[in-house]
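Chains A, B and C supply the protein sequences, listed in that same order.
Count the first sequence with numbering that gives the first Met the number 0 and you get residues 0 to 159, in order.
Count the second sequence with numbering that gives the first Met the number 0 and you get residues 0 to 794, in order.
Count the third sequence with numbering that gives the first Met the number 0 and you get residues 0 to 291, in order.
Just so you know, the hints here were simulated from the structure itself, not pulled from any lab data.
Every value quoted in this text rests on a predicted model; they were computed, and no experiment measured them.
Hints may be right or wrong, so weigh each one.
As the list claims (entries may be wrong) - Within a straight-line C-alpha distance of at most 25 Å, the following computed DSS-like cross-link-like pairs (lysine-lysine) qualify: (1) B:Lys577 x B:Lys608; (2) C:Lys28 x B:Lys661; (3) B:Lys439 x B:Lys318; (4) B:Lys790 x C:Lys28; (5) B:Lys782 x C:Lys188; (6) B:Lys341 x B:Lys164; (7) C:Lys28 x A:Lys68; (8) A:Lys142 x C:Lys257; (9) B:Lys481 x B:Lys460; (10) A:Lys28 x A:Lys68; (11) B:Lys91 x B:Lys164; (12) B:Lys126 x A:Lys1; (13) B:Lys28 x A:Lys81; (14) A:Lys1 x A:Lys81; (15) A:Lys142 x B:Lys661; (16) C:Lys28 x B:Lys655; (17) A:Lys78 x A:Lys1; (18) C:Lys188 x A:Lys1; (19) B:Lys452 x B:Lys655; (20) B:Lys782 x B:Lys655; (21) B:Lys341 x B:Lys481; (22) B:Lys28 x B:Lys65; (23) B:Lys28 x A:Lys142; (24) B:Lys457 x B:Lys661; (25) C:Lys257 x B:Lys782; (26) A:Lys28 x B:Lys341; (27) B:Lys655 x C:Lys188; (28) B:Lys164 x B:Lys180; (29) B:Lys597 x B:Lys503; (30) B:Lys452 x A:Lys11; (31) B:Lys460 x B:Lys597; (32) B:Lys28 x A:Lys78.
Stated by the list, open to error - Computed from the model, here is a short list of chain C residues facing chain B with C-beta under 8 Å: (33) Phe1; (34) Arg144; (35) Val146.
Beta carbons are placed, not taken as given, at the ideal position from N, Cα and C, and that holds for glycine.
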Amino acid sequence: MKVTFEINGAEKSVDVEPRTLVVDLIRTKLGMTGTHIGCDTSNCGACTVLLDGRPVKSCTLLAPMLEGKTVTTVEGLAKGGKLDAIQEGFHAEHGLQCGFCTPGMMLVGKALIEANPHPTEDEIRWGISGNICRCTGYMNIVKAIQHAAAAKTAETAGVA
Amino acid sequence: MAVDTTEAAAATEAARQAMGGIGVSLARKEDARFIHGQGHYVDDVVLPGMLHMVIVRSPHAHARIKGIDSSAAMAIPGVIAVVTGELLAQHKLAWMPTLSGDTQAVLATDKVRFQGQEVACVIAETKYIAEDAAALVSVDYEPLQAITTPQQAIEPGAVVIRDEKEGQTDNKIYHWEAGDKDATDAAFARAAKVVSLETFYPRCHPSPLETCGCVADLDPVTGNATIYMTSQAPHAHRTLFAIVAGLPEEKIRIISPDLGGGFGNKVPIYPGYVVATAASLLIGRPVKWIEDRTDNLISTGFARDYYMDGSVAIDENGKFIGLRVNLLSDNGAFFADAQPSKFKAGLFHIVTGSYDIPAAHIVANGAYTNKAPGGVAYRCSFRVTEASYFIERLVESAAVELGQDPVTTRLNNFIQPEAFPYQSASGFEYDSGDYPRAMKVALDMLGYDELRKEQAEKRAKGELMGIGVASFTEVVGAGKGKDYDIAGLRMFDSAELRVHPTGKAILKLGVKSQGQGHETTFAQIVAEELGIPASDVEVREGDTDNTPFGLGTYASRSTPVGGAATAVVARKLRDKGKIIAAHLFEADVADIEFDHGKYNVKGSPDNVKTIQDIAFAAYTNIPDGIEAGLEGVTYYDPPNMTFPFGTYLVVVDIDKGTGQVKVRRMIAVDDCGVRINPMIVEGQIHGGLTEGFGIAFMELITFDDEGNCIGSNFMDYLIPTAWETPRFELGETVTPSPHHPIGAKGVGESATVGSPAAYVNAVIDALSHLGITNIDMPVTSDKVWAALRSKGVTE
Amino acid sequence: MFPAAFDYTAPGALDEVLSLLGQHGDDAKVLAGGQSLIPLLKLRFAAPVILVDIGRVDGLEGIRRENGHVRIGARTRHRDVESASDLRGTLDVLLDAAPLISDPLIRNMGTVGGSICHADPAGDWGAVMLAVGAEFVVKSASGERVVPAAGFFEGPFTTGLHADEVMTEIRVPVETGRSGGTYLKLERKVGDFASVAAAVHVVLGSDGRIATAGIGLCAVGAHSIKATAAEAALVGQEPSDEVIAEAARLAGEAAEPKADIRGSAEYKRDVARVFVQRGLHTAIDRAQGEAA
Ligand SMILES: Cc1cc2nc3c(=O)[nH]c(=O)nc-3n(C[C@H](O)[C@H](O)[C@H](O)COP(=O)(O)OP(=O)(O)OC[C@H]3O[C@@H](n4cnc5c(N)ncnc54)[C@H](O)[C@@H]3O)c2cc1C
Ligand code: FES
Ligand code: FES
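Pulled out of the complex, with its shape left as it was, chain A reads as follows (with noise of 0.2 Å):
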């Protein structure tokens, strides 16, 4: 069937099997592979996306789902070649190391700083809680997060 969406910007119209899974449209149709996959129950985040800007699991999701909606992925985050703060965080906190979650984890802290500005360590580990790092212990992680949303807040000072 057929089934328009937008994806990082650009419209998009494919044609799938309605059982074809987000993840798999993303990674095989339209061969983005910045979207992981790291379980089959739902449970890790490895595949997390933004839907009209709100992290959900892309492994959890019907292709025809996506009908008439917004779509994120790791792909979209740099602008113009700018990286996205939550990109820079990551970077400069050590927020990474195998970068399989990476993608993922993103997505969430970007979602997370534009809904709450300023997160508490709490709020951050409660909002990244979907989402699995094997390699981090999450310690860098929440710093990455503080470190973007300070950057983010900065950044808006400056401007106003």
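Once you've looked at the hints, dock chains B and C with the ligands against the given chain A.
Just chains B and C with the ligands now, kept in the frame of chain A:
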């Protein structure tokens, strides 16, 4: 004057940071691709005409195969082949050798021996079709009695699991001993006190976030085999592939691209790799096989599953004088442990730990069961984790029985700093250490005495709080090659360094990062040794065509072995640089001095040639009789292993009503010798502490009586999230390794090795006054509740 | 892991949904947030012929107060309950339960109605709805029914809902009087289903006595359990430690847990007791605090 010095110091520091040598927390060079979502993992590989493979697995733990009917599967459009064991047998590929010298079924022919065993493989145009077809492969099984514990397995008369093996009449795999039995018996005979512990280190799984998989691409015309594979040891795998599949080794190229974690899971060769390769050869198209999480948890390299009991003999002064340990390992249906071939229980004999115990005797036995094979070291150097857990738990028991603070018991028995190099009773020569110092740093960070006071007050009110201590010593960085090998391949490692004419360098390694940051750390070693900024050094790994042979990354061996190789090869080039410098200065080689990338003639420190000048000259203005170029390769065989250590302290609070344990604080003081990139080192420790936390409290693979695996997906195999994970407080001491070129010891696994005992000791410390002496991992709330209940404690 | 093939449709009107369900009967499945159904499809534990996605039907989402009820559209997401802070003081138990359901990402998709219809014995909303005495509005081509939560849950993944029916709304009565409640959940980690959980909701009369008490238990039986004997022991009583302890004991007895990897039956029963005891203390403190 004062201003000048500060300015000079600031300038030096700025130069140091710009160079990115040892000790600089350089931001990682590899990050760029990952934060753009451009990491390149095996599942990202797409080749023209690529097919997809799905494995049909056994639902039974033990059953005879009476027949396989794949006609319904073959009838689905898009299905290319269904590969069975029978087909593989025609190509002599139904069985393969394991890393421990046993054999393992690639696809079962006679029997299945564990739930999840590979029975058939469906190859189809898409993964969706392959999975549809896999559901239609019908296998006729005759179920047999399953054996699910090693104790059952070794009972006389138990069903023989490996009945296909010539000469195998029972389920025993190995018997292995270390240490000195007579001396140990004598120590126990004169002991004032003997304290014992029986404990089980349960089966757990490394489960990196990326599962295992491969894309096998065999060109039927050229015979070239390119295999993209989740491999921690690509070179060793190439050789094993040549042996298993009978392919000519020069035609095999293994590419291990970015790995989404490994932790030991990606050391062995799995049936999926072999079938995908065989299928690509037979069909003439590339074949991709990617495990799903269940495949990963039920069939690939698990860890631990060690039953340990033992005692420490203590003299009248509270000194340990002897140690005995008996262990029984559950190795599953095939003995596929990844460990040095001479050591059937890995390096378990490090079990004397940080303590000066003059006599020790270890007896180990292994058994086959109807469970998945594996026995990999989940973030551990070959069974060091089990050993460390055992001794640290036993010392806790000893402290309780002696009525001592566990810190006192440890301080009384530590190997003293002046005793290094120290010869242990079980055969290791510890390189260096200062255990009391690490302990002191940790106690100070925690505010130990205050917390003991708080604990006493809480106890008086009936509240449960505990402080756990563990002072571990690891042994990592195998070889030397004479003593340590994997499947006969000696455990050296390699580095090839090429400095290009413009002074930029490329470093190629035999090890393979899975997230440890090799592209940064190893560039820093070159920066330190040769004075080429780390930003100018490209690090390459994981492609067997383009890197020198090495044994790979596991057992914390990259820095001890690959790092040493890097330093040595850089020094070789530095020396060649002196010859070139002498030529440029028209001076004598003996008069050339080198300091951080600058050459000068003795006495004229201001007239320098940089390493970049030298590199250019190496290709443009080389002295007569000297080969052009500035390149070298080193195969480094370490003279000894390294012995990282540390003290970990954990504070827990326990909810009496639910048995829930909350980790309030976790202090980790690590000594891994010289730290190359402190930021990366700390990241490694955070990760290890988290995995240790998971193992201590939630990660478990277990089986019911029929051999059904419980813990076969992330609903049941529990991995800590950011919410449960404690907030770690790190400290350090630095005791360099005297035999390592840059004094580094390796750190990737210390925290997983050392922390489980600290967590469990904290729980026991909270409960020991009630007479509770042991709770096996994972320490789940129901077990704590049951222990409390057994002592009449309730809310 | 992938689902077996199926047909999919996403009608824009409820009538269409109802007529499709009438037409396909057991072959059809309603798709709401998909956070239970899609995992089941992937495991191939469910293989419907057609999925009827209710995601495009207007009027199924949102929380509003009307006629002495809080009315929750069946397709309201868990996260929308989580952020409905104006329920504090009236329906504390909903606000305390919502953030403990699965994890933040699942809560962005999963729906209250989906969870209730799915009727996982370890699903959290079931116990909550039993505690607050909710009613479910269900529609089919042949009309509308209003079904009380008590009696709705019949067994694991089994409810009084018929194959041709859709749940459209959850109605929670808001009683006059000072109320308080809470939700306690034992989970092994974030994202885990409950090992044991208890929902508690009390309303105090003007005399300070307990006017109504609702206790729902989760994961300790074949379906969510309403601890009626415990509730009865509370009603009309002056709150006290003894009254609470006795109600908690009765609630523990109402549990019918089974031993599994999460613990023994005795363990779960006792945690149910402990949670109800703690929950009642919190609920009553909250109700009393409101007066102050
Ligand atoms: C990893 C994970 C962890 C989870 N943890 C928890 C947890 O801790 N606690 C908990 O309670 N839940 C948990 N869930 C389940 C989650 O809350 C689901 O969102 C919820 O159970 C189902 O809601 P849904 O909207 O996603 O329903 P769907 O998955 O779309 O549907 C579920 C079932 O209900 C039917 N259905 C849905 N809506 C209607 C309707 N309006 N009328 C009639 N039938 C309908 C469907 O046909 C289907 O049979 C978890 C899920 C996952 C994947
Ligand atoms: S792949 Fe694990 S949650 Fe989606
Ligand atoms: S960085 Fe490896 S899983 Fe997070």
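Problem set entry | 25 Å Cα cutoff - pair Lys341 of chain B, Lys481 of chain B | 11 Å, holds
Exercise. Hey, Lys142 of chain A versus Lys257 of chain C, does the alpha-carbon distance stay inside 25 Å?
Worked result: 42 Å, violated
Exercise. CA of Lys452 of chain B to CA of Lys655 of chain B, is that 25 Å or under?
Worked result: Roughly 20 Å separates the two Cα atoms, so the pair holds.
Problem set entry | Distance restraint between Lys91 of chain B and Lys164 of chain B, which requires alpha-carbon spacing of 25 Å or less | The hint holds at about 16 Å.
Exercise. Hint check: is the beta carbon of Phe1 of chain C less than 8 Å from a beta carbon of chain B?
Worked result: Because about 5 Å separates Phe1 of chain C from the closest Cβ in chain B, which is inside the 8 Å limit, the hint holds.
For this session: Compare the distance between the alpha carbons of Lys597 of chain B and Lys503 of chain B with 25 Å, and conclude whether the hinted pair is satisfied.
Result: 15 Å, holds
For this session: For the pair supplied as a hint, Lys28 of chain A and Lys68 of chain A, confirm whether the alpha-carbon distance does not exceed 25 Å.
Result: 17 Å, holds
Exercise. Has the given pair, Lys126 of chain B with Lys1 of chain A, been kept, meaning a C-alpha gap of at most 25 Å?
Worked result: The hint holds at about 21 Å.
Problem set entry | 25 Å Cα cutoff - pair Lys341 of chain B, Lys164 of chain B | With Cα atoms ~21 Å apart, Lys341 of chain B and Lys164 of chain B stay inside 25 Å; holds.
For this session: Given the hint that Lys655 of chain B pairs with Lys188 of chain C, test it: the Cα-Cα distance must not exceed 25 Å.
Result: Holds, at roughly 19 Å.
Exercise. Taking only the CA atoms, is the gap from Lys452 of chain B to Lys11 of chain A under or equal to 25 Å?
Worked result: With a Cα-Cα distance of about 65 Å, the restraint between Lys452 of chain B and Lys11 of chain A is violated, given a limit of 25 Å.
Exercise. Has the given pair, Lys481 of chain B with Lys460 of chain B, been kept, meaning a C-alpha gap of at most 25 Å?
Worked result: 59 Å, violated
Of the hints listed earlier, those the structure fails to meet are numbers 2, 4, 8, 9, 14, 16, 17, 18, 22, 26, 28, 30, 31, 34, 35, in rising order.
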